[in-house]
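Take these sequences, add in the hints, and give me the full structure.
If you're matching them up, the sequences are chains A and B in order.
Position 205 of the first sequence, counted from 1, bears residue number 929 in the working numbering, the numbering being contiguous throughout.
Position 72 of the second sequence, counted from 1, bears residue number 796 in the working numbering, the numbering being contiguous throughout.
Treat the hints as calculated values from the structure; they're not laboratory data.
Think of the CB as a built atom: it goes at the ideal place given N, C-alpha and C, for glycine as much as any other residue.
Where hints are given, some of them may not hold.
[Unchecked claim] Covered stretches of chain B (chain A as the covering partner; in silico rule of three or more C-beta atoms under 8 Å from a C-beta of chain A):
| no. | segment |
| --- | --- |
| 1 | 868-880 |
| 2 | 914-926 |
[What the hints assert, rightly or not] Have a look at the derived ranges for each label pair, beta carbon to beta carbon:
| no. | chain 1 | residue 1 | chain 2 | residue 2 | range |
| --- | --- | --- | --- | --- | --- |
| 3 | B | Ala964 | A | Arg896 | 26 to 32 Å |
| 4 | A | Glu774 | B | Asp990 | 53 to 59 Å |
| 5 | A | Ser841 | B | Pro839 | 21 to 27 Å |
| 6 | B | Asp804 | A | Gly920 | 28 to 34 Å |
| 7 | B | Gly806 | A | Ala923 | 37 to 43 Å |
[Said to hold, decoys possible] A partial selection of chain A residues facing chain B, derived with a Cβ cut-off under 10 Å:
| no. | residue |
| --- | --- |
| 8 | Arg842 |
| 9 | Glu863 |
| 10 | His875 |
| 11 | Ser886 |
| 12 | Gly889 |
| 13 | Trp913 |
| 14 | Pro942 |
| 15 | Ala945 |
| 16 | Asp958 |
Number of protein chains: 2
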Amino acid sequence: MTGAGGDRGELRGLSLNQATVKNLTLEQAVGLCLRHEIPAIGLWRDRVAELGLARAAAAVRASGLHVSSLCRGGFFTHADPGARAAALADNRAAVAEAAELGADVLVLVCGGLVPGSRDLGLARRMVADAVAELVPVAERLGVRLGVEALHPMFCADRCVLSRLGDAVDLARRFPAEAVGVVVDTYHVWWDSQLAGQIAAARGRIACFQLADWVEPLPADALLGRGHLGDGRIDLAQITAQVVAAGYRGWAEVEIFSRPVWDAPPDDTAATVRRRFAELLGAGPGR
Amino acid sequence: MTGAGGDRGELRGLSLNQATVKNLTLEQAVGLCLRHEIPAIGLWRDRVAELGLARAAAAVRASGLHVSSLCRGGFFTHADPGARAAALADNRAAVAEAAELGADVLVLVCGGLVPGSRDLGLARRMVADAVAELVPVAERLGVRLGVEALHPMFCADRCVLSRLGDAVDLARRFPAEAVGVVVDTYHVWWDSQLAGQIAAARGRIACFQLADWVEPLPADALLGRGHLGDGRIDLAQITAQVVAAGYRGWAEVEIFSRPVWDAPPDDTAATVRRRFAELLGAGPGR
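What follows is the structure, encoded as structure tokens:
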């Protein structure tokens, strides 16, 4: 394990996002991180709820792990006012959970096209309105919202913000301490203007997530990710750009992948740690 | 059938891309267009080669159908010089075929990341160099090259130009009559800045292809297309933007889809014609 920040390119260190070991409970995932000396974890709300918020928060605090993110809020785009209100209520609850867990950021996957509509502009306005309603709640509880751009293949059904720049444009309408952006390599790597968008995100990068793009895309495109180095993304370059934009937080490894989920979790954690070190010339941090 | 261009939003009319009826030979596809009074066709090189270039050209000429495109050239990104030379030779042949067939444009799918490389910039430079080599050939034979931007989910394996703007930037290095761009709704619909990119493509739009985005994405993401109106793309709006940018050519319906391929071709042609009219308020043209 290295001590100097420079060895990690000034990132604070490695975090394991729970989605990488989807079959584990929160307590099991925490135990895995401790066994493998991974100092931070990205949590998911379903696993938090399974254990209960208070017990989850206590378990993470007791472990000494840093909580680099809580995944996730969002899905704001509804035609039905009742569904819209329900989504906002759920997001307010998510903000409270993030506060209780001490998470650096609440990740927002903002929602796809409005059901029955083909109007991208309408969906994007609906997202902006919902974030505006959420900001006072986040500010009151001291939680930072992280707007994530998702790969354009998810534009119809998951997120109408398809480029990092779309997320930055939205975040900029609000105070930087309340709303930042999530840079996820899997979603944004293909963009010919990515470098400029990362630079423009200076002061707004709330979370940095890493996964590789493996070929071919599997039947469920959500699961087309692989261990760092197994795919086609120049992860070292994107990481350098994120660091050059002033980001000093955690690097979360978040891999949605059937083969990774089917592997023994200790093997997965060991691979995550080794690949992070190999690719980024970095130890797991402190 | 309408006569006035205004009824078709000033498009010249409907063209059936052969890929929509993939199981048909060239002669069968030509016959299908004639039966359904579809006045133009987009051809594919494999079906041209199957019949032989001279016979294919004669068959199309005899039919009176307009050839709105020949698909396709490209795949320029190779590490091996021999492979690069072979790709260029094949593209020179494709230009000659397009000339012989009287096609409006030779569609270029430019290639993904260079094998063994994660360098998007390298791949994009390789594409630009190859197009530069091809331009004199195209100019000599009076063929227009159409650079197509493909959906970012194909960036690694098929095309490193992921946004219409990427294609426009490349095309602009060359005379407009030699190099244009292909606007394919399936590939570019998700882009928050699409309207501006279409406007910036004025004078460069060499081909306009239509397919809808259907959910969920199938196992082979290439095949996630549907009949106009069956999916989530605002095709009328994009068509209006393309027309507003001065495009007066054909609208090709190009649907890669297992269910569409498995349907009786006469049903497919009838649906293509009906949907084109319904969605675009347009007859098939003359």
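Checked hints:
no., hint, result
1, 868-880, "holds (count 5)"
2, 914-926, "holds (count 3)"
3, Ala964/B with Arg896/A: 26 to 32 Å, "holds (30 Å)"
4, Glu774/A with Asp990/B: 53 to 59 Å, "holds (55 Å)"
5, Ser841/A with Pro839/B: 21 to 27 Å, "violated (41 Å)"
6, Asp804/B with Gly920/A: 28 to 34 Å, "holds (32 Å)"
7, Gly806/B with Ala923/A: 37 to 43 Å, "holds (39 Å)"
8, Arg842, "holds (4 Å)"
9, Glu863, "violated (27 Å)"
10, His875, "holds (6 Å)"
11, Ser886, "holds (5 Å)"
12, Gly889, "holds (8 Å)"
13, Trp913, "holds (8 Å)"
14, Pro942, "holds (8 Å)"
15, Ala945, "holds (5 Å)"
16, Asp958, "holds (4 Å)"
Figure legend: structure checked against the earlier numbered hints; hints not met, in rising order: 5, 9.
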